[in-house]
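There are 2 protein chains.
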Amino acid sequence: MSTTSDTMDTAAANEAVIRAVEKGKAASATLAALPHEQRNRALRNAAEHLAARESAIIEANEGDLAQAEKQVKEGTLNHSLLHRLKLNSSKLRDVIVGITQVTEQQDPLSRVTLSRELDEGLALYRVSCPIGLIAVIFESRPDALPQITSLCLKSGNGVILKGGSEARLTNRVLFDCFRAGMHKAGLPTDAIALVETREAIKVLLDADQLIDLVVPRGSNQLVSYIQANTRIPVLGHAEGICHMYVDRKADIVMAVKITIDAKTQYPAACNSVETLLLHEGVALPFMQALAAELQSTNQAIRLLCDKRTMALIPEGFPLILEPAKEEDWSTEYGEETLSVKTVDTLSDAIVHINKYGSHHTEAIITSDRGAFDTFFAQVNSAGVFWNASTRFADGFRYGFGAEVGISTGKLHPRGPVGLEGLVTYKYKVVGKGHIVADYVGDEARKFTHVDIEDHSAQ
Amino acid sequence: MSTTSDTMDTAAANEAVIRAVEKGKAASATLAALPHEQRNRALRNAAEHLAARESAIIEANEGDLAQAEKQVKEGTLNHSLLHRLKLNSSKLRDVIVGITQVTEQQDPLSRVTLSRELDEGLALYRVSCPIGLIAVIFESRPDALPQITSLCLKSGNGVILKGGSEARLTNRVLFDCFRAGMHKAGLPTDAIALVETREAIKVLLDADQLIDLVVPRGSNQLVSYIQANTRIPVLGHAEGICHMYVDRKADIVMAVKITIDAKTQYPAACNSVETLLLHEGVALPFMQALAAELQSTNQAIRLLCDKRTMALIPEGFPLILEPAKEEDWSTEYGEETLSVKTVDTLSDAIVHINKYGSHHTEAIITSDRGAFDTFFAQVNSAGVFWNASTRFADGFRYGFGAEVGISTGKLHPRGPVGLEGLVTYKYKVVGKGHIVADYVGDEARKFTHVDIEDHSAQ
Chain A
2 MSTTSDTMDT AAANEAVIRA VEKGKAASAT LAALPHEQRN RALRNAAEHL AARESAIIEA
62 NEGDLAQAEK QVKEGTLNHS LLHRLKLNSS KLRDVIVGIT QVTEQQDPLS RVTLSRELDE
122 GLALYRVSCP IGLIAVIFES RPDALPQITS LCLKSGNGVI LKGGSEARLT NRVLFDCFRA
182 GMHKAGLPTD AIALVETREA IKVLLDADQL IDLVVPRGSN QLVSYIQANT RIPVLGHAEG
242 ICHMYVDRKA DIVMAVKITI DAKTQYPAAC NSVETLLLHE GVALPFMQAL AAELQSTNQA
302 IRLLCDKRTM ALIPEGFPLI LEPAKEEDWS TEYGEETLSV KTVDTLSDAI VHINKYGSHH
362 TEAIITSDRG AFDTFFAQVN SAGVFWNAST RFADGFRYGF GAEVGISTGK LHPRGPVGLE
422 GLVTYKYKVV GKGHIVADYV GDEARKFTHV DIEDHSAQ
Chain B
2 MSTTSDTMDT AAANEAVIRA VEKGKAASAT LAALPHEQRN RALRNAAEHL AARESAIIEA
62 NEGDLAQAEK QVKEGTLNHS LLHRLKLNSS KLRDVIVGIT QVTEQQDPLS RVTLSRELDE
122 GLALYRVSCP IGLIAVIFES RPDALPQITS LCLKSGNGVI LKGGSEARLT NRVLFDCFRA
182 GMHKAGLPTD AIALVETREA IKVLLDADQL IDLVVPRGSN QLVSYIQANT RIPVLGHAEG
242 ICHMYVDRKA DIVMAVKITI DAKTQYPAAC NSVETLLLHE GVALPFMQAL AAELQSTNQA
302 IRLLCDKRTM ALIPEGFPLI LEPAKEEDWS TEYGEETLSV KTVDTLSDAI VHINKYGSHH
362 TEAIITSDRG AFDTFFAQVN SAGVFWNAST RFADGFRYGF GAEVGISTGK LHPRGPVGLE
422 GLVTYKYKVV GKGHIVADYV GDEARKFTHV DIEDHSAQ
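Residue numbers (the working numbering), protein chains in the order written: chain A, 2 to 459; chain B, 2 to 459.
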């Protein structure tokens with residue numbers, strides 16, 4: 002009996018998800034046509050609601066935390082999750098500041114990126130517009146909800162939010178604040194929806210006729226699962242295997258400083274470096290300088306080296322080096338471990354990166370402009386850095402205000418995805434009754450194809 | 002024995018395809034770094050070879066045609082294919098002119114679309130770059146090969162060409178002209194490859210670690226098959242279900258003229274209109290004017306109408322109207338057939354289009370600017386036209402020089418895809434040893450995030 006009832010509950014829950022998606026799709030078309038000021042007003046209202054309901058939010062979060070702590074004690078939940086789950090006054094204030102920053106950004110919609118007269122009275126424009134309905138699947142962090150929702154509403158997109166079940170109570174209050182803010186500003190509240198069951202993920206991934214983009218925010222496993230199980234375009238990355246190449250003409254002191262930052266400043270981040278490639282001309286002095294710096298600052302990095310690097314190192318070297326295995330070149334450690342390989346040339350470094358990398362972010366340390374130019378042209382990753390830490394690959398640091406994720410795909414949007422990455426474009430053609438038949442045959446009219454400088458006419 | 006031998010041949014052929022793809026991937030990284038002038042020189046060389054080898058090309062094409070004619074007689078090939086397969090002097094001249102036009106276009110690479118100082122000495126740039134390696138799967142038209150290859154080389158992309166088997170001999174000569182032109186200009190010739198077997202398609206679709214984009218050019222069935230059988234992004238469209246909405250405030254004469262153009266000027270094209278939506282206030286006068294125009298010009302369009310439109314039509318109406326079925330709203334006729342529906346409001350028309358459309362191109366006929374603005378904002382298609390025929394949705398007519406296809410996806414590239422659609426971007430970060438650790442904690446440096454006007458510094 003219990004199974005039947007569960008099945009029925011699941012079926013009913015899935016039906017509710019489908020209905021939410023259908024309503025979301027319809028509402029997103031309405032949302033797309035609303036002016037910037039109205040979308041911003043909804044965000045400002047939401048921020049006010051979040052501030053006014055601080056105690057309710059914190060109470061809900063304490064409920065989630067109490068439940069999670071119980072599960073941690075029972076051993077069914079990892080302790081590290083508690084920190085991510087917690088939403089206190091200070092974090093809530095950051096959330097509200099973040100929403101305000103989003104309102105202050107320029108409208109990403111209705112930007113004209115191409116204006117061309119095709120013929121007298123016939124004009125072509127390329128105009129930015131929302132993508133449509135976005136499904137965001139995220140894990141325990143409840144502060145992800147307001148960040149994602151404000152980016153989506155600002156860019157005129159509907160959003161279906163699938164939050165982590167651990168943050169269920171907190172997410173509900175946060176979500177209510179946005180719905181209330183939208184209602185007050187006259188936005189269609191169905192343009193956002195919160196779905197909660199694990200089964201909802203499958204329903205969302207199957208809804209390729211209604212959902213235009215899926216954004217997974219979570220573990221590599223979650224992202225890989227989603228990429229393998231939907232026909233909807235997926236924005237994100239399963240892996241961040243970032244490289245740093247220390248060129249023949251590198252400033253060794255700089256290379257050591259950047260390597261330590263890129264590996265240790267926050268090793269769990271996707272933009273941390275995983276593989277160090279050393280030009281054979283600098284491999285030994287670099288390793289010696291790295292060892293000295295790690296010792297003097299009392300830091301430790303586990304170094305997995307290829308045979309060639311091992312062979313370069315003299316006896317009595319102060320660090321323990323372990324041999325790297327083939328799989329290390331494609332491993333994202335997420336901790337203070339670095340694989341190290343010595344290469345003959347810049348070209349070998351590029352080949353290694355394009356073979357083993359995940360197209361996220363790669364850096365070269367060199368004083369040779371030509372080496373950087375070659376590296377930049379030939380490495381096909383979303384970020385290619387010169388004399389800077391890979392850790393800068395981030396929407397906030399790029400000045401995008403916030404990001405919904407980092408895309409390692411080859412097509413747009415690529416890299417950290419902020420408001421500009423959440424819009425696409427339509428071609429607008431304005432005629433006065435123009436027909437194609439006039440442009441074919443022996444007496445065909447010719448297209449003028451003159452770019453229009455003054456956009457105001459459109 | 003024959004089966005074993007065939008299997009072995011297939012295995013060897015597939016192995017050859019994989020090798021071509023691997024070489025193509027490596028060569029495309031080299032190609033990406035070559036200057037515009039060198040890429041253009043290869044195209045000019047190829048055009049010269051095509052001109053010089055005209056008789057060889059036409060002879061090869063005659064061989065293909067003879068074989069195809071045999072198959073048409075045997076009933077294993079459709080007669081209409083012969084016209085598409087034929088490549089005569091005049092068509093070859095058009096091909097050569099097309100390549101020259103591509104060389105005359107601006108370099109789509111290395112364009113800087115964002116320049117920002119992040120902090121003193123630390124700068125961010127967004128720079129256009131090739132997508133990487135593109136697989137193009139096309140059917141009988143041999144003139145597709147030079148068009149696609151020149152767009153790909155101009156945009157720095159490698160390309161694996163899978164041509165139709167009917168055009169095998171012609172394709173080989175055309176391909177050789179490009180290889181020779183590339184060789185002479187110092188381009189890596191492996192950046193283009195021609196594969197011929199039907200089995201190669203599956204090998205290409207499985208190569209998601211090497212191929213960055215698949216472009217199918219052919220029947221709806223081919224495109225649907227490819228979309229369903231690869232994890233590589235697919236650029237294109239399976240269906241072109243375009244709509245025309247005749248608004249309450251439409252100029253009826255203009256609406257009739259555009260409808261006839263959009264339906265009959267070239268009914269097999271994807272940008273031809275399939276469904277006509279009529280505001281109830283103009284439905285009857287529009288239908289009367291359409292009937293009069295079709296009669297006076299001796300043209301015929303088969304009209305499949307919803308009940309409401311049928312009910313509006315008085316006795317003695319000069320055209321035969323047939324009842325539309327539900328599936329007609331999502332059918333691409335490809336011939337002089339049009340489904341017709343009467344709606345109450347602009348809003349109903351938009352809901353119909355967003356429900357049944359294929360996000361290709363839709364037009365509204367109206368003298369009401371506000372109605373167009375609402376239509377433009379709410380219809381989520383790659384092209385949204387005002388008082389112009391949907392048949393203008395085309396790379397050449399948009400002034401893109403040529404196109405590899407029309408994308409009905411929601412993300413970039415969208416609509417007719419020319420050179421700009423064949424590039425993506427990378428973020429370039431240039432520092433002087435900048436590390437993230439300096440930007441966190443109590444004494445964190447602040448980012449300046451000042452947009453840079455002078456791009457020359459990069």
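Some hints here could point you the wrong way.
The list treats identical chains as one, so a pair stands whether inside a single copy or across any two.
[Claimed, not checked] The calculated DSS-like cross-link candidates involving lysine-lysine, where the alpha carbons are at most 30 Å apart (straight line), are:
| no. | residue 1 | residue 2 |
| --- | --- | --- |
| 1 | 87 | 185 |
| 2 | 433 | 326 |
| 3 | 326 | 447 |
| 4 | 447 | 203 |
| 5 | 308 | 24 |
| 6 | 92 | 326 |
| 7 | 250 | 308 |
| 8 | 433 | 185 |
| 9 | 258 | 308 |
| 10 | 250 | 185 |
| 11 | 71 | 185 |
| 12 | 447 | 87 |
Derived by calculation from the structure, the hints in this document are not laboratory data.
Outcome of the hint check:
no.: 1; hint: 87 <-> 185; verdict: within (29 Å within a copy, 64 Å between copies)
no.: 2; hint: 433 <-> 326; verdict: neither (67 Å within a copy, 33 Å between copies)
no.: 3; hint: 326 <-> 447; verdict: neither (64 Å within a copy, 41 Å between copies)
no.: 4; hint: 447 <-> 203; verdict: neither (52 Å within a copy, 42 Å between copies)
no.: 5; hint: 308 <-> 24; verdict: between (59 Å within a copy, 27 Å between copies)
no.: 6; hint: 92 <-> 326; verdict: neither (42 Å within a copy, 57 Å between copies)
no.: 7; hint: 250 <-> 308; verdict: within (23 Å within a copy, 78 Å between copies)
no.: 8; hint: 433 <-> 185; verdict: neither (40 Å within a copy, 49 Å between copies)
no.: 9; hint: 258 <-> 308; verdict: within (25 Å within a copy, 75 Å between copies)
no.: 10; hint: 250 <-> 185; verdict: neither (60 Å within a copy, 33 Å between copies)
no.: 11; hint: 71 <-> 185; verdict: neither (38 Å within a copy, 72 Å between copies)
no.: 12; hint: 447 <-> 87; verdict: between (65 Å within a copy, 27 Å between copies)
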